[in-house]
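K.L.:
Residue strings, one per chain:
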Amino acid sequence: MFWKALKKSLYHPNKVKSLNKGHLLFALSLPCFYWRCKVQFLINLHCPCQMSEGAMAVVKPEMKSYIWLQTADGSIQQVEEEVAMFCPMICREVIQTGTGSSKNYAISLPQRVNPAILGLILDYCRFHQVPGRSNKERKTFDEKFIRMDTKRLCELTSAADSLQLKPLVDLTSRALARIIEGKTPEEIRETFHLPDDLTEEEKLEPLRNITDDPRIRLLNRLYARKRKELKEREKLKNVEVEEERVDDRSVDDLLSFINGGDGDTKGTRTNKNKKKNRRRKDQSKDSCLNNEMHDLHSACHDGEGNNGLLASASTSSKLQDSAAVTFSPKLDFDDVDIDDDLDPAMKEELDREVEDFARRLNSVWPERMQELFQGRKLVPINLNGNSSMSRYTSTSLDQR
Amino acid sequence: MVRNKKRDRISNLPDHLVSHILSFLTTKEAVATSILSSRWKTLWTLVPSLDLDEDEFEWILSDEKQNRKKKKWDDWDGWVCPSGFTFVQIVSKIWALRNAYPLQKFYLNLLYDCDTIHVDKWVSTAITSDLEELTLNICPNLPFDIPSTLFNYCKTLVDLRLYGNIIVDPPPSSLGFPSLKILHLLGVQYANHDSFSRFLTCCPILEYLCLEVIEMGEECNFIITLPTLKRLDFNMQDFLSRLEINAPALQYLEFVGFLHKVVLLENLSNLVQAVLFVSHDSEENDNEDYGNRVMDFIRALYNVKSLHLDSFTTECLCNVPEFDPPMFHNLAFFNFGFHSSIPHVLPLLLQRAPQLAVLTLNRDKSHLHSTSEQESLKWNFYEYVPKCLSSHLTAFQFKGFKGQKDELELIGHILQMARILKTMTLSSDPSTEKEKIRVLKELVMFPRHSSTCQITFH
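The listed protein sequences correspond, in order, to chains A and B. Note that our numbering has the first sequence beginning at 1, numbered continuously upward. Note that our numbering has the second sequence beginning at 1001, numbered continuously upward.
Capping the alpha-carbon separation at 25 Å, the derived lysine to any residue pairs in SDA-like fashion look like this:
#	chain 1	residue 1	chain 2	residue 2
1	B	Lys1422	B	His1449
2	A	Lys151	B	Asp1008
3	B	Lys1261	B	Phe1277
4	A	Lys151	B	Ser1023
5	A	Lys151	B	His1016
6	A	Lys166	B	Thr1156
7	B	Lys1041	A	Glu181
8	B	Lys1105	A	Ala177
9	B	Lys1028	A	Leu153
10	B	Lys1105	A	Gly182
11	A	Lys235	B	Leu1142
12	A	Lys144	A	Leu120
13	B	Lys1434	B	Gln1454
14	B	Lys1028	A	Asp196
15	B	Lys1305	B	Met1417
16	B	Lys1422	B	Val1358
17	B	Lys1422	B	Arg1352
18	A	Lys183	B	Leu1097
19	A	Lys166	B	Phe1024
20	B	Lys1028	A	Pro195
21	A	Lys64	A	Glu81
22	B	Lys1181	B	Thr1128
The hints are simulated quantities; they were obtained by calculation from the structure and are not laboratory data.
Start from the sequences and build out the full structure, keeping to the hints where you can.
P.N.:
Structure (structure tokens):
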């Protein structure tokens, strides 16, 4: 009964006798914005003593009511109420501030909404706010609706987002995703007119540079051999290990002499793969130490990854630094695992070898070292990076 | 001020919008956008989902493997991308670059080169308080232990799917999954006898459960007592396991597999649809016994609205000595499979389904048995016209129609008796034109009770 009366009154405001104040107040507590605004309007219409200041100005008992909207460029348009109320942002403005009921009190829309786009959005709202449509109808409409050029699609996404019209945001986002999907980067850049402002190195940086530096390769080989020896010695005795940060320091070493320099672009793939495969063969033979080996293996990988990341640090972009900073904790995390398995004595050995190597390389490029000192806050050349690294270790553990 | 005609519009969108757009792409494509321009370099890291699928990449054997004299093509490791990186390297790098931004969805599909250490690292990193969907489809070299943090820190998890050589061991103090609605456990192993039931007690609002039980080597009981469960898909590939289902809210039930051990079904009064694909171990000689078990199973489904029985199931039913199905009071849709000729149990089933509206006969062409063509069915239709035929049947569909004698007889009977039949669709095997014409002629000759009946033939 109540609902029928309410509906009736909304569409025939003059015949509102079946509703009383109690009903209207109840309706105000409805969760739906749309109905609440409607009821507010009714109250304003028929109970003048309850009207708010702003709305008092222009209430006309018309069949159709309009909302006034003003875009950033100053132009004002009037829109049917149901259509405009479909946008959560407009709805909220009407309820909370009471604007929109007249030309003088038009709702000012966010900057991202220009008149042409507003027209499109209102078309969308006009279709979808009608309750009786089937899902198929809505889908067909949507598919036709988004057929427009990408520039307009982007504007529409932006505008819909500022009006908080989520269904339209999803629709346009999906359409844009479909445009991006399956295209090569050049094609995407052309479609959206994106500037091609990354250097070749930056483009290849994520993965390619891992293998470009011959010094890294040499070091990795050294590591691999060392680790293999350690494993073999491990087999014979049972060792307890304490937490050690030797491997941290060795990472520091890597950081210190990877200057992102003129990487050797020789094809290194075969070497690397051979090395990997050899390691894997060893692993498969040695089943009882499987876990351990995998730990080391993964750390090696991560080590290589780290090298690669910093290798191209010739452009000292913020990204490089931040990525480096966040990457180290993960590496440390692995290292903590590994350290648990290695004998301290062997770690000393390893450490010494690495120091040797570092010294050898450092002596070759003193000038480069100078450059590094200026640019970086993270990398000390000497092997006393413990303090900084330990900080990262603890944060990473905390994250866990 | 010179106006550049071609302006980059999409980069004007705020970060959250671009990452929303990228969330509709696969992770591989999203990461690929990082080389578009400087602004796009890190946008992909804001996407709160990761799907790592090895099938999306092209794999070739690494050079060394290719040079080996003996080429084992079913090699499980040594696969690399054409650029030389393994899946593990790529994934590790993605994780590293992503800067631990909150993750809502994590899918991992890794069958080759699957290392438990790496998977453990990735899964442990993915388990955060924001995680909503987790899918692992892996085939690791060693059985993979699910990290126990999964059972304690995933309050927001809604969808969990585990496929593969995974060991599930919920700790006794597990805080559970208060939001979990969908759970798939396919081929997983359970650490203890009570691991499975403990897992279920952790899921108070579970709605969809999909279980595949593989050979465990010992007798296991699967007791499913879930008051909120709406859908259950069960695949029993083990001869020794028992199953008990008590789910008052269950609406959809699918059972595939062996019924060697008794399956107990209780309290299925709300069941709307049931699908049965029973397998039969053809070496078993206790056909009658097995048939009885299938019959018992079906008896518990008496309240169902839609029933689908495949050809093996109906074959088992044919072995039941005294076939006495229950009354299916609500049955409106019936999909009946068979292999060579229409089983004799069909008419009786039709009699027990007074409200049947849609009947579908499905010839299973994959069936290997070749029984001789049966003689025409001895149906006493003239004595007992199934009530459904005369008052409710509106659609009849026959897939795999061959034009055999018994089939034509059945169709003839139906056409004669179905008063409100609207459509009859016959889809046939590719047969010769001659055959088709002969069959069509016969069909046309049948008297039809229903005046609005339309026969479609393809």
